[in-house]
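2 protein chains.
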Amino acid sequence: MSKIKNDLFLRALKGETVQRPPVWMMRQAGRYLPEFMEIKAKYDFFTRCQTPELASEITIQPIRRFGMDAAILFSDILVVPQAMNIEVEMKPDIGPWLPDPIRSADDLDRVIIPEIESSLGYVMDAIKMTKDKLNHEIPLIGFAGSPWTILCYCVQGRGSKNFDKAKEFCFTQPHAAHALLQQITTTTISYLKAKVAAGVDAVQLFDSWGGLLSPEDYQVFSWKYMQQIIDALKSQVPVIAFGKGCWFALDVMARSGASALGIDWTCSARNARYLTGGQITLQGNFDPTRLFSPPSEIKKQVKLMIDSFGKDRYIVNLGHGILPNIPVENAAAFVEAVKEYKEE
Amino acid sequence: MSKIKNDLFLRALKGETVQRPPVWMMRQAGRYLPEFMEIKAKYDFFTRCQTPELASEITIQPIRRFGMDAAILFSDILVVPQAMNIEVEMKPDIGPWLPDPIRSADDLDRVIIPEIESSLGYVMDAIKMTKDKLNHEIPLIGFAGSPWTILCYCVQGRGSKNFDKAKEFCFTQPHAAHALLQQITTTTISYLKAKVAAGVDAVQLFDSWGGLLSPEDYQVFSWKYMQQIIDALKSQVPVIAFGKGCWFALDVMARSGASALGIDWTCSARNARYLTGGQITLQGNFDPTRLFSPPSEIKKQVKLMIDSFGKDRYIVNLGHGILPNIPVENAAAFVEAVKEYKEE
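Here the protein sequences line up with chains C and V, keeping their order.
This note's numbering applies: residue 1 is where the first sequence begins, and numbers increase by one.
This note's numbering applies: residue 1 is where the second sequence begins, and numbers increase by one.
One or more hints might be untrue.
Same chains, same names: a pair is fine if it fits in one copy or spans any two.
Keeping only pairs whose Cα atoms sit at most 20 Å apart, straight-line, the calculated EDC-like set for lysine to aspartate or glutamate is [as the list claims (entries may be wrong)]:
(1) K300 / D217
(2) K303 / E340
(3) K342 / D312
(4) K299 / E336
(5) K161 / D93
(6) K165 / E297
(7) K131 / D7
(8) K165 / D107
Derived from the structure by calculation, the hints contain no laboratory data.
Start from the sequences, fold in the hints, and give me the full structure.
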């Protein structure tokens, strides 16, 4: 593997001392960008995911405009259940829509553990094309949803405030739930290993709905499977584990072998460092809605945030994905503030 | 004031030693009850709130069936903005719907600080009628939304996953936001004082969306106003402060003069006791979706929960409102488990 020129992100993942922390933004390749909206107007969601030319172009767009220190492949966590023979649509104004959700053990009969190359080969092609376009300038991140978060959509059938049907399924049919979680886990491990083989430099696991579970249920229905994935990947590539709202599990996550943990904005830098034992690299945690603030205020708050986390063992990011209606100049201010960072 | 026969709830609020903790459930007067659905089929939402015969009957329904240790007046947090001349509708399948949300300083021109008796007198009539029906058997709780949570609806105009428009309003127009928050606070204080005069034995503040804010923004946009309300009420009546997802503020909340703090299910008993300093009464924190579990499992988990919080300085409750699709026998198991509780 030839050397990546800007290796700030990879060095932060290793815990090395850096001049300034690296920066990227969750959902940085997204709807707040006019150039993304142009592509979106022409191609539907899964066409964008499944066409390597489009996915790689979308991945590069924010880098071209803002110069983040890492790119993340444009894709969706729901390509995994789709490959597992669970139908997934993306409906305008609604978002993910699964016409035939999993609600019983019988429904699992139609779920398969797919052969990755034939079902998700388009992702690997997009990775190779993106790596070519990035030309060793910055690293490329691959990602997957956590098995629990994938289950949430497979059972609920769509987004939800509390994913009550998904939780009901787990609490009334735990055997079926664990069978599904294990199938998703097994698929995700093969999927991420294929991504590594195709060239990603790090992977991130998104547990977007882990914070809906109690600490006990989180260990049983989410973390157990996250840990399996980390165990399978950590020797090959740095793994970032992000559980939104999962402050209560940060102690266990810090001992998992993950290279870094994502932090959301409800957990202060001080709490995050305390709960994780102070040694592991942390990533986050700017409130995405705080990007509505004027650019000068954003810059002030980013500076404060870096001072709080400390410049080392730290990756600047948002606490969740960037919102579609954030002004482009505000996103620019966020990245610039990091590049201008000087310790005092 | 004549003595209430079952004073378990009031004694727990005072921190007294009790044989078993008291129990009630947030939204206990609600859609999971068939007798509630019968009334709902005949009268629309605000008719139920505004008709003392209906509101008091609905309040009593769960007591009659399950025998909780406290009743909470059937009403809605949005009667406050409604009285402030902000139109609020309740739409089937959508929930709260504000056709003309607050989006600018100019929009505040139409907001009034209402005279309570003429605008919300129906609530006081419902309290008096409910107190008569309760006949000194158990205490009656009155409630209000936190100013931040009310602002969320006033600005967003409806429910939301992230209340992005409400947060954008606060972060881009902080002067207008604080003006609105203060108007809501002033109204809420008068409203709760009138409730106390009408006979409620305790009040609870619901900060349902406090957990969407960062710890710093929470202090500025939510807690500051919660504290004003607690200061104004605490000498008259015990105040319970509940901030969903607000684990990060529990230390400040514990020093506020509130008699008890509500805890959600993401914060373990151990964390909650630690973060609050171990002295204040805590209320919660059963995951509402855990009521989907079979009754035997519910009883086991309630027992464990009481053991974890300890029987004193503790009020058994859910960590958020009971869900509409919970089986009645499961709600019964929850209450029974508390009444059967014996320390080992």
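Could you work out which of the previously given hints the structure breaks and list their numbers from low to high? none
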